[in-house]
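Q: Here is what each chain is made of, one letter per residue.
Number of protein chains: 2
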Amino acid sequence: MDQRGVILVILFAVFILYIRDQNTYKVKSFSVPALAEPIRFLLSYGNLVFEDQRIQLGEWERLKPFTPYGKEPILEYKGKVAHHSLAICRYLGKKLKLVGENDWDDLEIDAAADTISDLRLEIDQYFYEPDSKIRAQKKEILVKEILPLYIQRLENQIRENKGFLAIGKLTWADLYYAGLYEYLHYMLGFDFTENAPKLRHLKQQVYALPAIKAWIEKRPKNNF
Amino acid sequence: MDQRGVILVILFAVFILYIRDQNTYKVKSFSVPALAEPIRFLLSYGNLVFEDQRIQLGEWERLKPFTPYGKEPILEYKGKVAHHSLAICRYLGKKLKLVGENDWDDLEIDAAADTISDLRLEIDQYFYEPDSKIRAQKKEILVKEILPLYIQRLENQIRENKGFLAIGKLTWADLYYAGLYEYLHYMLGFDFTENAPKLRHLKQQVYALPAIKAWIEKRPKNNF
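Quick mapping for you: the protein sequence lines, in order, are chains A and B.
If you count by this note's numbering, then the first sequence holds residues 1 to 224, one letter each, in order.
If you count by this note's numbering, then the second sequence holds residues 1 to 224, one letter each, in order.
Don't take every hint at face value.
No copy labels: a pair is met if it fits in one copy or bridges any two.
SDA-like cross-link-like pairs, simulated, lysine to any residue; straight-line CA separation at most 20 Å [as the list claims (entries may be wrong)]:
| id | residue 1 | residue 2 |
| --- | --- | --- |
| 1 | K144 | P65 |
| 2 | K78 | I167 |
| 3 | K221 | Y128 |
| 4 | K78 | N161 |
| 5 | K144 | R120 |
| 6 | K94 | G58 |
| 7 | K94 | L48 |
| 8 | K138 | M187 |
| 9 | K94 | D105 |
| 10 | K80 | I212 |
| 11 | K28 | V99 |
None of these hints come from the bench; they were simulated from the model.
Sequences and hints are given; from them, build the entire structure.
A: Dropping the structure here:
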């Protein structure tokens with residue numbers, strides 16, 4: 001091969017690498033199974049190639065100004081940047097046909113995912129409270145009032161939906177819930193599904209999906 | 001007409017009223033322009049027939065246990081009940097073709113609406129804080145740090161999107177923002193768009209849409 005041939009081969013290889021890179025999803029997030037984990041669950045479920053880019057704590061201050069609203073996780077794809085874990089999960093849910101058959105179905109799936117997100121926000125409010133006295137008060141209300149209400153309603157909802165959160169079949173809302181489970185468990189300090197057999201079973205069902213099982217086995221160890 | 005004829009006419013009338021009732025959207029919410037107002041903006045924009053059912057404060061304790069998660073607003077349609085204002089607005093957005101042309105477009109619209117919702121939650125955190133000292137601290141951080149960050153980024157976002165929140169044209173995220181504007185203004189106690197010309201102009205654009213203008217004129221007076 002002459003010099004020109006070598007240059008052409010190199011250019012071609014760079015082009016292929018560029019195209020491959022452009023078509024790879026990149027998840028940027030902290031190195032814990034928190035808000036990004038449902039995204040990684042969905043990408044794994046769909047066998048989509050993705051780069052799992054973990055932000056180290058020391059890097060965050062440098063990266064933060066370049067994120068859309070100073071928050072993680074972020075999804076990059078074909079040079080575009082997306083934020084907001086719920087919006088990203090809904091997008092992947094569509095790609096993977098984990099959605100409904102009509103707009104009302106999707107409304108029910110969206111509301112189910114929003115309910116899980118609401119529950120997360122309620123737990124957040126206690127967990128990130130800096131004042132220890134107020135934190136204890138918040139935990140009391142959370143554990144005695146808020147959590148039982150959510151669990152009771154979610155158990156009913158799952159019963160009415162044949163073991164799933166919405167429309168009687170597996171949707172992205174179920175993967176969103178199962179992906180967020182560890183974070184909720186971690187913040188609460190106990191397994192809230194202990195007396196919630198439907199929520200427990202649904203989580204186990206998602207964890208048992210071959211692609212999710214494989215992901216959990218190969219992912220980096222938790223770093224809470 | 002004999003007795004049988006009269007009965008048939010009555011039955012027919014009841015049937016027609018039933019069908020009409022089933023096909024009417026019903027918005028149940030408190031009597032303030034808060035989370036339900038974007039829903040009413042969208043229904044008005046689409047000239048969809050809706051019943052605007054206002055919950056009086058005294059009624060709420062009685063109704064609350066019958067709502068999906070003890071929250072308002074609620075949308076009823078064809079005997080089905082939906083909750084979560086963002087999910088409802090997205091559903092109406094699809095009906096009214098205020099969405100994108102592909103899944104990535106919709107991801108951007110969803111993330112824009114979520115950002116407005118995040119801003120609302122940040123303002124909520126201060127507004128509903130019961131301890132007056134902590135409330136003052138929260139307001140300080142909100143007004144000096146959080147709000148400027150959101151405003152600066154939203155101004156850029158609107159500039160990049162030809163005057164809208166996403167994809168360079170009017171979407172349901174814009175109506176969501178404009179519908180929520182009064183609530184944000186009320187909680188903050190000042191007009192946060194005063195030094196945010198793009199946000200201000202976008203709100204004015206939505207308010208100037210004939211269907212929105214007509215709705216604002218005919219709706220019940222604010223009841224904050």
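Q: So, for every hint listed, does it hold in this structure?
A: Verification of the supplied hints:
With identical chains, the CA atoms of K144 and P65 are at most 20 Å apart between copies only, with a shortest distance of 17 Å across copies and 39 Å within one. For a Cα distance limit of 20 Å, the shortest separation of K78 from I167 across copies, 16 Å, qualifies, whereas the shortest one inside one copy, 32 Å, does not. In this assembly of identical chains, the alpha carbons of K221 and Y128 never lie at most 20 Å apart, being 23 Å within a copy and 39 Å across copies at closest. Taking the shortest Cα distances, K78 and N161 sit within 20 Å of each other only across copies (19 Å), while inside one copy they are farther apart (36 Å).
Proximity of K144 and R120 under a CA criterion of 20 Å is satisfied intra-copy only: 16 Å inside one chain copy versus 27 Å between copies. For the identical chains of this complex, K94 and G58 are neighbours neither inside a copy (35 Å) nor across copies (42 Å), given an alpha-carbon limit of 20 Å. Taking the closest pair of Cα atoms, K94 and L48 come within 20 Å of each other only inside a single copy of the chain (13 Å); across copies the shortest separation is 27 Å, beyond that limit. Taking CA atoms no more than 20 Å apart as the test, K138 paired with M187 passes inside one copy only; the shortest distance there is 13 Å, against 23 Å between copies.
When the C-alpha separation of K94 and D105 is checked against a cutoff of 20 Å, the pair qualifies both within a copy, at 13 Å, and between copies, at 13 Å. Within a single copy, K80 and I212 get their C-alpha atoms no closer than 26 Å, and across copies no closer than 33 Å, so neither meets the 20 Å cut-off. Taking identical chains as interchangeable, the C-alpha atoms of K28 and V99 are never at most 20 Å apart, the minima being 25 Å within one chain and 27 Å between chains.
Violated hints, listed in ascending order, are 3, 6, 10, 11; each of the other numbered hints is respected by the structure.
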